[in-house]
Amino acid sequence: MNEAITNKTAAELAEAIRSGEHSAREVTQAFLDRIDALDGTIGAFLHVNHAGALATADEVDRAREAGEELGPLAGVPIAVKDIFCTQDMPTTAASKILEGWVPPYDSTIVQRIRAAKMPILGKTNMDEFAMGSSTEYSAYQLTRNPWDTHRIPGGSGGGSSAAVAARLAPLATGTDTGGSIRQPGAVTGTFGAKPTYGGTSRYGLIAFSSSLDTPGPVSRNTLDGALLHEVMGGHDPRDSTSIDQPVPPVVEAARTGANGDLSGVTLGVVKEFASGDTQGAEEGVLAAYRAGVATLEKLGAKIVEVSCPNFLHALPTYYLIAPSECSSNLARYDGVRYGVRVGDDGERSLEEVMSTTREAGFGPEVKRRIMLGTYALSAGYVDQFYGQAQKVRTLITQDFQTAFAKVDALISPTTPFIAFEFGARTSDPYQMYLSDLYTIPTNLYGGPAVSVPCGLSEGMPVGLQVMGPTMGDEITYQVAAALESTQGTLLADTAPELTAEGK
Amino acid sequence: MTNAIETVDYADVVARYEPVIGLETHIELGTNTKMFCGCATGFGAEPNTQVCPVCLGLPGALPVANRAAIEATIRIGLMLNCGIAQWCRFARKNYFYPDMPKNFQTSQYDEPLCEDGWVDVVVDGQTHRVEIERVHLEEDTGKSLHVGGATGRIHGATESLLDYNRAGIPLVEIVTKPITGTGAKAPEIARAYVTELRDIIRSLNVSDVRMEQGSMRCDVNTSLSKPGQEWGTRTETKNVNSLRSVERAVRFEMTRQAAVLDGGGTILQETRHFQEDSGTTAPGRSKETATDYRYFPEPDLAPMQPDPAWVKELKDNLPELPRLHRQRLQEAWGLSDFEMQSVVNAEAVDLIEATVAAGASSEAARKWWLGELSRTANEQDISLEELAITPGQVSQLQKMVDEGKLNDKLARQVIVGVLAGEGDPTEVATARGLEVVSDTGALEKAVEEAIEANPDVADKIRAGKHAAAGALIGSVMKATRGQADAKTVRELILTKLS
Numbered sequence: 001m002n003e004a005i006t007n008k009t010a011a012e013l014a015e016a017i018r019s020g021e022h023s024a025r026e027v028t029q030a031f032l033d034r035i036d037a038l039d040g041t042i043g044a045f046l047h048v049n050h051a052g053a054l055a056t057a058d059e060v061d062r063a064r065e066a067g068e069e070l071g072p073l074a075g076v077p078i079a080v081k082d083i084f085c086t087q088d089m090p091t092t093a094a095s096k097i098l099e100g101w102v103p104p105y106d107s108t109i110v111q112r113i114r115a116a117k118m119p120i121l122g123k124t125n126m127d128e129f130a131m132g133s134s135t136e137y138s139a140y141q142l143t144r145n146p147w148d149t150h151r152i153p154g155g156s157g158g159g160s161s162a163a164v165a166a167r168l169a170p171l172a173t174g175t176d177t178g179g180s181i182r183q184p185g186a187v188t189g190t191f192g193a194k195p196t197y198g199g200t201s202r203y204g205l206i207a208f209s210s211s212l213d214t215p216g217p218v219s220r221n222t223l224d225g226a227l228l229h230e231v232m233g234g235h236d237p238r239d240s241t242s243i244d245q246p247v248p249p250v251v252e253a254a255r256t257g258a259n260g261d262l263s264g265v266t267l268g269v270v271k272e273f274a275s276g277d278t279q280g281a282e283e284g285v286l287a288a289y290r291a292g293v294a295t296l297e298k299l300g301a302k303i304v305e306v307s308c309p310n311f312l313h314a315l316p317t318y319y320l321i322a323p324s325e326c327s328s329n330l331a332r333y334d335g336v337r338y339g340v341r342v343g344d345d346g347e348r349s350l351e352e353v354m355s356t357t358r359e360a361g362f363g364p365e366v367k368r369r370i371m372l373g374t375y376a377l378s379a380g381y382v383d384q385f386y387g388q389a390q391k392v393r394t395l396i397t398q399d400f401q402t403a404f405a406k407v408d409a410l411i412s413p414t415t416p417f418i419a420f421e422f423g424a425r426t427s428d429p430y431q432m433y434l435s436d437l438y439t440i441p442t443n444l445y446g447g448p449a450v451s452v453p454c455g456l457s458e459g460m461p462v463g464l465q466v467m468g469p470t471m472g473d474e475i476t477y478q479v480a481a482a483l484e485s486t487q488g489t490l491l492a493d494t495a496p497e498l499t500a501e502g503k
Numbered sequence: 001m002t003n004a005i006e007t008v009d010y011a012d013v014v015a016r017y018e019p020v021i022g023l024e025t026h027i028e029l030g031t032n033t034k035m036f037c038g039c040a041t042g043f044g045a046e047p048n049t050q051v052c053p054v055c056l057g058l059p060g061a062l063p064v065a066n067r068a069a070i071e072a073t074i075r076i077g078l079m080l081n082c083g084i085a086q087w088c089r090f091a092r093k094n095y096f097y098p099d100m101p102k103n104f105q106t107s108q109y110d111e112p113l114c115e116d117g118w119v120d121v122v123v124d125g126q127t128h129r130v131e132i133e134r135v136h137l138e139e140d141t142g143k144s145l146h147v148g149g150a151t152g153r154i155h156g157a158t159e160s161l162l163d164y165n166r167a168g169i170p171l172v173e174i175v176t177k178p179i180t181g182t183g184a185k186a187p188e189i190a191r192a193y194v195t196e197l198r199d200i201i202r203s204l205n206v207s208d209v210r211m212e213q214g215s216m217r218c219d220v221n222t223s224l225s226k227p228g229q230e231w232g233t234r235t236e237t238k239n240v241n242s243l244r245s246v247e248r249a250v251r252f253e254m255t256r257q258a259a260v261l262d263g264g265g266t267i268l269q270e271t272r273h274f275q276e277d278s279g280t281t282a283p284g285r286s287k288e289t290a291t292d293y294r295y296f297p298e299p300d301l302a303p304m305q306p307d308p309a310w311v312k313e314l315k316d317n318l319p320e321l322p323r324l325h326r327q328r329l330q331e332a333w334g335l336s337d338f339e340m341q342s343v344v345n346a347e348a349v350d351l352i353e354a355t356v357a358a359g360a361s362s363e364a365a366r367k368w369w370l371g372e373l374s375r376t377a378n379e380q381d382i383s384l385e386e387l388a389i390t391p392g393q394v395s396q397l398q399k400m401v402d403e404g405k406l407n408d409k410l411a412r413q414v415i416v417g418v419l420a421g422e423g424d425p426t427e428v429a430t431a432r433g434l435e436v437v438s439d440t441g442a443l444e445k446a447v448e449e450a451i452e453a454n455p456d457v458a459d460k461i462r463a464g465k466h467a468a469a470g471a472l473i474g475s476v477m478k479a480t481r482g483q484a485d486a487k488t489v490r491e492l493i494l495t496k497l498s
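Chains as they are written, first to last, in full-length UniProt numbering: chain L, 1 to 503; chain E, 1 to 498.
Don't read these hints as lab results, they were simulated from the structure. Computed from a predicted model, the values in this text were never measured in an experiment. Where is the CB? At the ideal position from N, CA and C, for every residue including glycine. Hints are not guaranteed to be accurate.
[Claimed, not checked] From chain E, some residues computed to sit far from chain L (all C-beta separations above 10 Å):
{"id": "1", "residue": "59"}
{"id": "2", "residue": "102"}
{"id": "3", "residue": "270"}
{"id": "4", "residue": "433"}
{"id": "5", "residue": "467"}
[Claimed, not checked] Coverage of chain L stretches by chain E, computed from C-beta distances (three or more under 8 Å per stretch; other residues unrestricted):
{"id": "6", "region": "179-188"}
{"id": "7", "region": "287-300"}
{"id": "8", "region": "379-388"}
Build the full structure now, drawing on both the sequences and the hints.
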């Protein structure tokens with residue numbers, strides 16, 4: 001394995017390719033080799049795209065030889081969460097109901113990745129239809145946390161975060177509906193950003209909860225995330241919720257932040273999240289987080305406490321809105337037009353075939369949320385549940401707006417606990433739902449937020465979350481990069497070596 | 001279900017009951033592309049050739065609203081005197097239907113684009129104001145085809161095929177408020193309303209509103225109550241597909257419901273289907289077990305915020321109300337109510353108007369469109385508009401007649417040529433050699449030949465029986481293949497034999 005290559009960041013790889021130090025093929029081959037050697041241990045990929053990735057790499061090499069100018073990430077390989085439609089690779093959202101389905105079209109994000117000439121290494125594992133916080137709900141395989149293979153890699157984007165943490169890919173895409181980029185980022189020691197809702201296109205993204213789903217970057221560090229963010233982002237006329245404005249200059253913000261100067265920046269600590277005993281956060285997580293806050297203060301940031309009282313209602317609000325939307329979005333999986341069909345023996349009725357297909361095709365968490373959402377939207381309950389949740393959503397938005405009148409960004413721990421061991425929370429859905437306690441308010445609001453590593457607890461990574469105002473993605477990158485500038489990236493200094501046997 | 005349905009004599013029904021009716025009309029818009037994607041909307045294309053990930057509801061695909069459809073809906077709303085929402089949203093109507101790709105329909109629910117309007121309809125010289133509850137926009141579903149059975153229905157079929165060409169075509173739904181106080185005229189008012197609506201939509205040029213092709217479909221709600229009592233339970237007769245059927249459906253439901261009520265029964269709130277051949281209705285599914293649609297705002301679509309300046313511009317550019325337009329034309333053309341009605345019934349108003357605009361007199365325009373051209377259209381079972389002749393060509397034809405270049409018989413032959421695509425009337429007349437023979441020498445020769453060949457007739461004319469000239473004219477016309485002017489021929493004959 002060529003660790004001289006796979007240890008490099010995306011920015012370094014792009015420069016090495018541009019300067020001719022490495023060919024894009026060499027780089028891509030190095031990651032493919034590492035996937036072949038180690039993904040048996042990690043389980044990050046559902047599909048590996050050897051030929052396709054190398055073909056793109058060769059295009060980049062030819063373009064370079066022809067003297068063409070290369071894009072910022074040309075030739076830098078990427079892993080794509082299996083929720084993005086790809087017309088040359090199966091797309092399953094880690095569900096049995098879409099087993100083997102190859103979409104006839106590419107999602108906008110994938111089109112932009114292809115246009116940026118980034119070789120796609122393959123499709124990464126996830127919780128089925130992005131529902132879960134540990135990737136244990138994948139219908140296909142477990143993904144292991146490279147820091148401790150007995151532990152979960154977070155979810156739903158566990159495959160993408162584990163791939164980056166294990167250096168199987170320098171970059172990956174994720175989607176964040178309630179924390180599915182930031183929470184796995186925090187527990188695997190990677191950087192993850194949820195851009196402003198509407199800042200990245202959802203076209204071709206298999207929908208879980210339309211008003212919350214947000215594609216974003218997964219990377220080793222802030223600058224890499226920003227580079228990918230700029231490739232992914234921007235207006236898409238095929239997504240009517242896409243914002244018709246330029247991508248916020250996050251690369252510049254990441255570079256500014258790397259100077260380590262936060263003077264003039266005011267950061268708000270959310271009072272309601274600060275108290276460990278009310279939210280059940282682990283002491284080790286809080287300690288690492290507090291150390292992060294102290295560092296930010298040392299860099300010149302003014303830290304103030306702000307109150308966002310409705311954040312405490314975010315979890316129940318989310319668990320009404322997201323399942324409601326998912327119950328509608330997932331109604332199309334009926335075995336009639338694509339994906340698997342179960343029980344079509346010529347004897348059963350259409351409805352029976354649909355129900356046997358769904359019984360076999362959907363996993364337990366997906367069924368749970370469809371039932372929950374169907375109930376919450378049903379006549380007689382819709383005002384009491386869905387309608388009430390929308391009102392609370394407005395209050396949470398107002399909390400954010402009030403806070404941003406006083407501070408530039410809000411900070412909190414990303415997760416209440418470090419990566420847990422497999423099976424620890426699958427028997428108690430509520431315990432699993434708590435994983436996203438700190439990340440969910442941002443999704444309900446629609447603003448940007450990032451998770452950046454801020455230390456270790458029990459030898460496992462802890463993330464610090466920075467939340468910004470709508471279309472103010474720069475501040476989140478600037479603060480994250482500043483924190484990074486004092487401590488280096490966890491992965492560069494502390495990450496465990498992996499062996500093919502695993503642990 | 002037994003076939004025998006008890007009914008009560010209509011006069012008896014209206015003597016004792018007061019009907020309340022309500023109409024929900026669906027209109028497929030004639031936009032070039034579908035409601036939420038760029039797929040074509042042409043009628044009659046090969047199955048599943050006008051589809052894409054969006055209208056097939058493939059995983060990940062997202063809708064984007066068609067501005068032309070929104071504009072058409074606003075214009076319809078304005079013609080119906082509705083208020084236009086400054087901010088409104090689409091909603092999802094969740095239910096399972098085999099030919100609905102997403103298993104929800106993107107529609108509007110509590111926030112329609114247009115609300116609270118009215119339209120006046122005239123029945124027997126009396127004006128009734130029908131109030132409009134709402135006008136909203138939604139997407140159409142696909143179509144199931146059941147094959148392998150004898151009837152094309154699902155029973156007995158071995159396979160069901162799905163055609164999604166129609167899925168996603170923009171559909172406007174126009175809902176009336178309950179129409180009361182109509183008494184015995186309820187069926188006629190229902191028909192007059194749908195007719196008026198059709199004319200209005202057509203005047204906007206936003207749909208071809210063909211009930212027989214399904215681009216205009218009507219659901220008819222009917223209930224009865226005793227005067228002074230609360231409204232009765234209503235039934236909804238679905239997908240009535242002709243103007244005549246709208247009237248018959250209301251009338252039949254009134255007589256059926258009266259029979260049920262007279263017998264001490266109760267009306268079930270249910271969906272019924274109109275049987276074209278018998279003029280009766282039969283029950284469909286019961287509304288009591290109706291689907292819970294679980295409506296909620298469509299999160300994949302940004303809310304609509306029609307710019308007030310744009311709405312004003314649309315309002316300022318609306319066409320004249322067809323009913324008023326017709327009144328104006330009737331006066332200008334000097335037609336009786338009956339004559340105007342036959343023009344309307346032939347769907348010839350616009351064609352005649354355009355022909356007059358091109359220079360023909362209204363009498364001449366009406367003569368051609370209601371005469372020869374209507375007959376041809378009937379023979380070919382197409383509409384007047386579908387005939388391959390334009391108002392400009394009809395006007396040109398009439399001009400040739402006025403100038404004596406064509407007589408009626410020749411003109412009819414020219415029409416055949418124009419319809420066959422041989423060009424304008426002048427071109428057809430020249431190419432087919434159909435101009436009137438005005439060469440007097442040639443005519444005189446033909447007249448002399450006719451006199452020689454018919455000495456008996458000639459004697460009668462010489463004896464003063466001028467009416468006998470007809471027989472000679474006939475043979476002259478035959479000899480000139482109809483290209484002589486009959487009047488001229490007659491004069492020539494009389495001159496020679498006097």
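Legend entry - Violated constraints from the hint list, given by number and in increasing order: When the structure is compared with the hints, numbers 1, 2, 6, 7 turn out to be violated.
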